[in-house]
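Student: Please assemble the complex out of the two chains, which come individually in their own frames, going by the hints.
These protein sequence lines map, in sequence, to chains R and L.
At position 208 of the first sequence the residue is numbered 208 (this note's numbering), and the sequence of numbers has no breaks.
If you count the second sequence from 1, you need to add 1000 to reach this note's numbering.
Quick caveat, the hints were computed from the structure, so don't treat them as lab data.
Note that CB positions come from ideal geometry on N, CA and C, so glycine has one too.
Be careful, since some hints might not be right.
Once the Cα atoms are required to be at most 20 Å apart in a straight line, the calculated DMTMM-like pairs of lysine to aspartate or glutamate come out as [claimed, not checked]:
| id | chain 1 | residue 1 | chain 2 | residue 2 |
| --- | --- | --- | --- | --- |
| 1 | R | K199 | L | E1054 |
| 2 | R | K199 | L | D1014 |
| 3 | R | K2 | R | D312 |
| 4 | L | K1077 | R | E238 |
| 5 | L | K1077 | R | D312 |
| 6 | R | K199 | L | E1061 |
| 7 | L | K1099 | R | D265 |
| 8 | L | K1089 | R | E224 |
| 9 | L | K1089 | L | E1016 |
| 10 | L | K1085 | R | E238 |
Label-pair restraints from in silico Cβ distances [stated by the list, open to error]:
| id | chain 1 | residue 1 | chain 2 | residue 2 | range |
| --- | --- | --- | --- | --- | --- |
| 11 | R | E238 | L | I1037 | 18 to 24 Å |
| 12 | R | D140 | L | A1004 | 52 to 58 Å |
| 13 | L | G1073 | R | E69 | 50 to 56 Å |
| 14 | R | R370 | L | E1061 | 29 to 35 Å |
| 15 | R | E212 | L | K1085 | 41 to 47 Å |
| 16 | L | T1076 | R | D140 | 33 to 39 Å |
| 17 | R | E211 | L | R1050 | 37 to 43 Å |
| 18 | R | V60 | L | E1061 | 50 to 56 Å |
| 19 | L | K1085 | R | V95 | 35 to 41 Å |
| 20 | R | T131 | L | E1040 | 42 to 48 Å |
| 21 | L | K1085 | R | D58 | 42 to 48 Å |
| 22 | R | G119 | L | R1050 | 35 to 41 Å |
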Amino acid sequence: MKRLLILGGGTAGTMAANRLRKRLDRAEWEITVVDQNEAHVYQPGNLFVPFGIYEPNDLVKPRRRFLPEGVELVLGEIDRVEPEDNRVVLADERVLAYDYLIIATGTSPRPDQTPGMLGPQWRKSIHEFYTLEGATALADTLADWQGGRMVVHIVDMPIKCPVAPLEFTFLADAFFTERAMRDRVELVFVTPLDGAFTKPIASKHLGGILEERGVSLESDFMVERIDADAKTLVSFDEREVPFDLLVTIPLNMGADYVARSGLGDDLNYVPVDKQTLLAKGYDNIFALGDASDIPTSKAGSVAHFSIELFEDNFISHIHGRPMTKLFDGHANCFIESGHGKGMLIDFNYDTEPLPGKYPLPGFGPFSLLRESEANHWGKMTFRWVYWNLLLTGKEMPFEPLMSMAGKEVEVHA
Amino acid sequence: MTTATINGSEVHVDAEGFLTDYDEWTEELAQVLAANIGIELTDEHWDVIRFLREDFPRQGETATIRRTSTVGGFDTKRLFVLFPKKPAKKMAYIAGLPKPRGCV
Ligand SMILES: Cc1cc2nc3c(=O)[nH]c(=O)nc-3n(C[C@H](O)[C@H](O)[C@H](O)COP(=O)(O)OP(=O)(O)OC[C@H]3O[C@@H](n4cnc5c(N)ncnc54)[C@H](O)[C@@H]3O)c2cc1C
Chain R
1 MKRLLILGGG TAGTMAANRL RKRLDRAEWE ITVVDQNEAH VYQPGNLFVP FGIYEPNDLV
61 KPRRRFLPEG VELVLGEIDR VEPEDNRVVL ADERVLAYDY LIIATGTSPR PDQTPGMLGP
121 QWRKSIHEFY TLEGATALAD TLADWQGGRM VVHIVDMPIK CPVAPLEFTF LADAFFTERA
181 MRDRVELVFV TPLDGAFTKP IASKHLGGIL EERGVSLESD FMVERIDADA KTLVSFDERE
241 VPFDLLVTIP LNMGADYVAR SGLGDDLNYV PVDKQTLLAK GYDNIFALGD ASDIPTSKAG
301 SVAHFSIELF EDNFISHIHG RPMTKLFDGH ANCFIESGHG KGMLIDFNYD TEPLPGKYPL
361 PGFGPFSLLR ESEANHWGKM TFRWVYWNLL LTGKEMPFEP LMSMAGKEVE VHA
Chain L
1001 MTTATINGSE VHVDAEGFLT DYDEWTEELA QVLAANIGIE LTDEHWDVIR FLREDFPRQG
1061 ETATIRRTST VGGFDTKRLF VLFPKKPAKK MAYIAGLPKP RGCV
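Pulled out of the complex, with its shape left as it was, chain L reads as follows (with noise of 0.2 Å):
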């Protein structure tokens, strides 16, 4: 595990960049991290950033597509407009959580 300086404070994160510890997470962060993969914040970004960071602690990992959307009520189709490509990678990057499993 190695840390990374974002935004003048020091956090840990992963060989793909993601953060590694819940707590290390701001808002202020999320923006950064945001700007970092091309995307500006817009409330509706927040709602679904602030369902992932809601719904990790009670899950133990991070919601899927498929969780977002059943469990959180989001769109599918607006998570591919709001988080382009690969929706579930750049969500959980955001939102300083794990990349989401799914994938065994």
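Looking at chain R on its own, in the form it has when it is part of the complex (with noise of 0.2 Å):
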């Protein structure tokens, strides 16, 4: 018997325990997926819970129902990997063999790396919404939030979801309209970035929204401290950002469990080959989703267009065929404008998200990189999805890489 070993049960690992399940004969292959919880959280619903759009128990199901019968899942704490003799050891010594290992442990946020973070303030004038614990101590104080400065603030980069304290702050200033204090509201976005987001084109859109709904952006912006009793952002070049409410998105970090193992780069992610992510070094191993290191978003639709791809190259690995499926880095973000209204971005490694429609040329029905109230109920529709349709691996409309049919190309003369 050939044990393939997932580590960790959330986007990427349920899909791969799902899709593999249906191709590695049962008598042949055991497919073993470890968690540390049994709590399964929808991620991109904890943006709406801090505005009370979303309850917390409407995001969290138990893992075990996602995954196929013919897969184990063992709960414990992941507390190192020994690639050199194929096995992984748990925090109560539990050990487990296996001939493949597939690391999807995602990434996730870290307050304890910015100094001031953690303290007397945090989770009362300092929040962060990544975690469901945090989006839910912050739908508490925006509860009863008499206005002041809000802040709404990124480390550093790479982020989960890249395009989530974005629309973070576009729904909170619709938040604020719609109770009538949006005047007593001052909105600041702060991020280390030189523009409201990573790539040119669609930064100008996002950074014309920002200043139409009158947000002021701070940027070039590398946090250093937070003076807590100051209640001040202190940047290394020592520029000070006051707030009375500050969101922060804190540094996002993979499992400390990767870098003692010695499988990370400075941020624990796996250096993988950005095509097959397959781990650089190592014949028996991969990462999925948010785990490893390529160049492209963290996000939940990353990790389903990769793994549809990975399906096949992991059945040619295994036999000893080349990888053929190669990805391309292929991401779809909606992003929350606020209002009843979203946008959309496609992209992949080599082409920046552009104006047009998704996914069919023309028609749609999705806009990229403009508002529409498509894209908002294609966004509130994709909690639906996820648990249905993705998690299990059922077919769905887009294809696995980018194509640049109906997106619209400026061409320079």
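Tutor: This is the structure we're talking about:
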């Protein structure tokens, strides 16, 4: 019997387990998934919790429900991988041997990495919404906040769902407007980037919306520390941004055991070949989802597109054949922009987000880089799609590789 | 891709003026690139530039500020003094390397 061991039963680990269980002979292959807990959180929903649009309970389901029969779920914290012995050791010293290993333990916010973030003001005037606990605490604070200076802040890139901080800002503007208190709130967006977003054309579109909504932008800001008493962000070049309410995206890092096992870079991401997701220097370790260092967004859509190709590659690889389904970094993210509208961006390693229509050229129904109600409904429907189609590997009407059809390309004369 | 003539030699650059060929860089060129953005190179600057140059072929990409600090051992605050405002970009520019990613 051979064993495929999957570390992490989140978005990527669950999808991989479902797809590979259908492809690997049950008499020959055992599939085991390890996760530290039983609660699978629909993370994109965290964005809506602070504004009371979703309740925390709407977003959590038991992991086991999304794993097919014939896949074993082991609950326990991973302590380390010992790649030279092809085994994984859990914190309680249980040992799991493997023939092939998939690392899918994602990335998580690390408030401990910025001096002054954790302390008496944590979850009082200093909040985050990347975890469900954080989003829930922020909902409590916002429910009776009287206004003041709200600062939305990114510590450093990369972060998962890099558009989420912008979406949060748009939703906050809409939330305060609907509560007739927008005039009592000053909104500031603070980023280490030189504009609203990472890529130039999208950055211009999104920066334009920030301006329209009266949000001021503080760019090139690398935070050194937070002075919680003075309620101020302090940058390495000694700029100061005061706040009454801070909503920060803490540094995102891969799991610590990845570093302990000698498998990570300086942010605990596993260096992989960006087209096949095979870990560099290993022949039987892959990293899927947010856990790898591929240069595209850390997003559920990326996990989905890449795993659709990975599935075939994995089968080829175990039979000693070359992997031919090469991933292009395709990412596709809905951007909620408030007031019942949204935008959509679609891009890959080489092509930045462009305006246009998706997935059908000229028709859509979704509009790229422009606000529309259809985009908003796309985003809200996604929760159902996630639980019912995506995780269990059912057919979806989107192609894994990016297409230029429907995109508007500016031709420079 | 375009070429530019810097200090009498023709080199390949991208739209923002970053060198695109690792091997076209020289120490003399670095002096000129630094001067272009108003920086006069001291020994302290050179230590950082040399770290970036050595790290690039190993990693296949330009070190971020975080990596320059955690792996290279340079103090982040000093990097902001040496290469004011946009250290990641400025360091890469002078070292003749692509703009660091980290931004996806
Ligand atoms: C606020 C927010 C909004 C988002 N919005 C979108 C969106 O609109 N669209 C989109 O495509 N994506 C979005 N994302 C990103 C998306 O949720 C992630 O990219 C996706 O979940 C990544 O899947 P993953 O399997 O790599 O990681 P995860 O789903 O995070 O799974 C990792 C798993 O590993 C487990 N684990 C970690 N360390 C250990 C350990 N030491 N021992 C045992 N188990 C461990 C964890 O418990 C977890 O279950 C959003 C994320 C956030 C936070």
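Student: Can you let me know if the beta-carbon spacing of L:K1085 and R:V95 is within 35 to 41 Å?
Tutor: Since the Cβ atoms of L:K1085 and R:V95 sit about 51 Å apart, the hinted range of 35 to 41 Å is violated.
Student: Between the beta carbons of R:R370 and L:E1061, is the distance compatible with 29 to 35 Å?
Tutor: Holds, since R:R370 and L:E1061 (Cβ atoms, about 33 Å apart) stay within the stated range.
Student: Is it true that the CA of L:K1085 sits at most 20 Å from the CA of R:E238?
Tutor: 10 Å, holds
Student: Keeping to a limit of 20 Å between CA atoms, is the pair of L:K1077 and R:E238 held or broken?
Tutor: Since the Cα atoms of L:K1077 and R:E238 sit roughly 9 Å apart, the hinted pair holds (cutoff 20 Å).
Student: Starting from the range 35 to 41 Å, see whether the pair R:G119 and L:R1050 falls in it by beta-carbon distance.
Tutor: 38 Å, holds
Student: Using the C-beta atoms of L:K1085 and R:D58, is the stated range 42 to 48 Å upheld?
Tutor: 43 Å, holds
Student: L:K1099 and R:D265 were given as a pair; does the straight-line alpha-carbon distance stay at or below 20 Å?
Tutor: It holds: about 19 Å lies between the C-alpha atoms, which stays within 20 Å.
Student: Is the Cα-Cα distance between R:K199 and L:D1014 20 Å or less?
Tutor: 16 Å, holds
Student: Is 18 to 24 Å respected by the C-beta to C-beta distance linking R:E238 and L:I1037?
Tutor: Hint holds: Cβ distance 20 Å, inside 18 to 24 Å.
Student: Falls inside 52 to 58 Å, the C-beta gap from R:D140 to L:A1004?
Tutor: Check passed, 56 Å falls within 52 to 58 Å.
Student: If you draw a straight line from the CA of R:K2 to the CA of R:D312, is it 20 Å or shorter?
Tutor: 18 Å, holds
Student: Is 50 to 56 Å a correct range for the gap between the Cβ atoms of L:G1073 and R:E69?
Tutor: 52 Å Cβ-Cβ, so the 50 to 56 Å window holds.
Consistency with the previously given hints fails for numbers 1, 5, 15, 18 and 19, ordered from lowest to highest.
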